[in-house]
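Visitor: Okay, here's what each chain looks like letter by letter:
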Amino acid sequence: MWTKIFHNARVLSALQQCAVLAVVAAVFYVLITNASANLDALGIASGFDFLQERAGYVISFQLIDYSPDDTYLRAYAVGLLNTLLVSILSIALATIMGVFLGICRVSENWLLGRLSHLAVEFLRNVPLIVHLIWWYGLLLALPNIRQAISINDVVFLSNRGLTLTWASDGSLVGWGILCVIAGAVLGYVLMARHRASLPWKGFGPSVWPAMLAGAIAVPTLVYLFTGSSWQWDVPIARGFGFKGGVTLTPELLALWLALSFYSASYIAEIVRGSIQSVSRGQYEAASALGFLEMPTMLRLIVPQAIYPMVPQVTSTYLNIIKNSSLGVIIGYMELVSATGGTTLNQTGQAIECIALVMATYCVISLVTSLLMNIYNYRISLRTHS
Amino acid sequence: MTVSTTDSYADDQAPPRYSGGYVAMRSIKKKLFPTPFQSFITLVTLVLLVWFTPLALDWLVFSANFVGDSKADCVGGGACWLPVTQRIDLFVYGFYPDMEIWRVNIAFGLAAAILPLLYIKRINRRWIVGYLIVLPLVMWWLLKGGAGLEEVSSTKFAGILVTVFLGVIGMLFALPIGILLALGRRSKKPVIKLLSVLYIEFVRSVPVITLLFMASLMIQFFLPEGLTIDIFMRVLIVLIMFTAAYMAETIRGGLQGMPSGQFEAADALGFSYWKTMSLIILPQVLRNTIPPLLTQFIGLFKETTLVVVVGVLDVVGIAMSTTSAPEWLGLENEIYFFLALFFFVICFTLSCYASHLEKQMDKNRS
Amino acid sequence: MSAYSQPTDTASADCKSVAVSINNLNKWYGNFHALKNISLEVTSGERIVICGPSGSGKSTLIRCINQLEQHQQGTLSVLGETLDGDRKRLQWIRRNVGMSFQHFNLFPHLSVLKNCTLPQTSNLGISQAEAIEYALSLLDRVQMREHANKYPGQLSGGQQQRIAIARALCMRPKIMLFDEPTSALDPEMISEVLDVMVDLANDGMTMLCVTHEMGFARRVADRVVFMDHGKIVEEAPPQQFFDAPQSPRTQQFLTQILDHGEKKT
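Protein chains in written order, with our numbering: chain A, 1 to 385; chain B, 1 to 366; chain C, 1 to 265.
Next comes chain A alone, as it looks inside the complex (with noise of 0.2 Å):
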């Protein structure tokens, strides 16, 4: 009787797993007593409780409050924003690059193609620590506040970054970005109402000028009614630095530059790739019916070659929230280099700092994926031939 229960499949197959999980069990209780016992005599505290103290340096670029004083927590916070800055004004940049670039590549003029294609590939090929390094070079040779480039002295040029006039009143930014994102959902809002009323299907204006009209009526509405009292700060040179206005250090130019050129090649690839797999045979239905070759692409390609591109555009943005990371080679304190970096050197919590990195990267991923599939059930509803 025995032996017929150790041949039954799924016995060994549960006895098989039990095994795995208990070598994994294993393996995990080996390395957490280690590492307990080597924290002991190292004199390293464990837990989170080390988030509550003072902070003790000093982050360059920051978008909310912070001061040496501030906890780690804080600080920890301040790297986490400054991540997310970097990406967004990267994801930005290189979309419009890259979607730039893809056209050109698949353009039937030929110079145009091979001249792109050939930018392509350098950007692609070389790595994304050459292409920071480089800018971070070029942007530290630029010249200083003395002989700082500007225009009309609302903007300034140095080494010491980008500096540009400002709201005095911080929170005005908050409110201002407050109000493109809320004029942009009300114009899609009442656009999608409009269009869902009518008859027929794809009629309807299209919903990107309603948004784009939104996005600058109701901040420019606000202005009007308020913009009398508002203070702006001009930045002048003093010394070392400039008074006022806010800088964007050369740290933060170069991260971005540099993710975005870099970035923009894939972009690029995917765009192309794309475009490229729309069969012939729309190509032949559109001469047949007598469209030329810009309506072509522009109304019948095109659109179609955005759906494939979404799952790939996606996972390009999220190297580019990963690749942030290597603002720890120029001192761009971002969430490595803060938490992962200084945070760790000074209270020597290296397992603790670590894994919280690691954990914000993969809520970011997740959250991201989770989105994702939301995009494909609903674009699945609508399926392709």
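Misleading hints may appear alongside valid ones.
Unchecked claim - Within a straight-line C-alpha distance of at most 30 Å, the following computed BS3-like cross-link-like pairs (lysine-lysine) qualify: (1) 30/B / 88/C; (2) 31/B / 88/C; (3) 29/B / 150/C.
These are computed hints drawn from the structure, not numbers from a lab.
Knowing the structure of chain A, use the given hints to seat chains B and C on it.
Guide: Showing chains B and C alone in chain A's frame:
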């Protein structure tokens, strides 16, 4: 009503031949000036090219200095390639002892030999698999020493040596782990599948730099007291674990592309799971996924540049130390250009090769 | 349910203008001689069925008529205009010659109705309202009106092909080309598409069809053209073609085709 003879190929004619000049003109018109708008673009691009190219060539080659001893020898407004030419040994071999450099050269040669091997069809596949299994071990022995060869500490590894070592050996050791992970992810046993998924998704969600930090700062704590592994080995281990997760996804894609008929036929013929995989499925999958795996290798090759963050000097690390050396101050552009050129040449060649292999395979399949 | 309706007799094709005139057409793909000295004249209102084994050049021939393929030698004129590379003339010809493809080629991101109206508004300059009305009447004619708001991906092959024909008809063409319209369809959907084509033939549309549906040819065609290896081997009215084929190659082809289960009669 018409009837014609059915001598099919007898009246094949040759196509009309136009003069070379006519064909060329027609071709140029079609490719460069099809419409007024495109013609404008072509003209603008040509003007920019004509303006830029002589300037670039002049700086790069014609006014540049290739020989000399120090910065003072750089005259004539062009690029000063001296930091590269003077320190080329450092860039390529790092601090490897001069007497043993022949070992590094052999290792480079063996690694490069993989490429033609992937291509030639006449070699029995078993030899190729055998070569790929033995190669990392042989390279390890050649570079690190032991068993007859003088030992070289990995602290002496730097430059292109590091890049190639980490890239090639990392990839080859990661291959079996990646295969196991891919199989594990497709397994029907929930525990194995869960463990594989957790591992793969975790490694793919975090940036490489955090994994490198883990190697440099965290692993120490988990080892029993007294046991230390030097940083180079730790970085290698982490890179292997990292690559394996990405390769697992590529191989899983290949497995999913396998027609289920193969699995069913193997089942029907009585093959066990492992026999099916090792004799029937995996050989096909691995052959089909060579182009994407090669692309992954290019990615890994570029990722190895990040090890400078934890203090391992690869070619980028050497370049960064060169730019900050006082005797070569101000020559960053030349050094960065050399770096860019190095990676561009290697990665571009590999990616052309990969797409060529892919076309070959498509041709053979259809 | 029987196959499709019976076609009515066409008016006698004596006076009529020439719709398509092909003279000594030659086309090469590289060194491969795809079309060899093809000469064919199609009068307005005529229905031509072109058949032949695969690789015989029949699709290439009709694709040359709206210049989806380009010929290297010979003259080709459509509705009186010679095709010689002039873009304006080509556009005019494309707007007067409709085509139906083997794989339908509907635009998947547009609704069925939008598929039919966009060519009208974009290429004929017709107003939106008029385009919608005309498109709906054509969709009605192919019995697809109730699907006007659906997307092509939600419809079967037969439905898509009928919509594709309606879309081509929205351009008010004078000639319709059919490139194997039913070859990609499941058998039970073939008859619904053939019904549409017969209906079209009844209205006097000039049609050139490349098809394997011999029953359709027998019923509808004014002439059947058999091509092999790039040449027109035989060309005759259907009675003569099917009952008394002259060339041995034609006889061979017909035995092969008709032996595969007797056609729908």
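Visitor: Against which earlier hints does the structure fall short, listed by number upward?
Guide: 3
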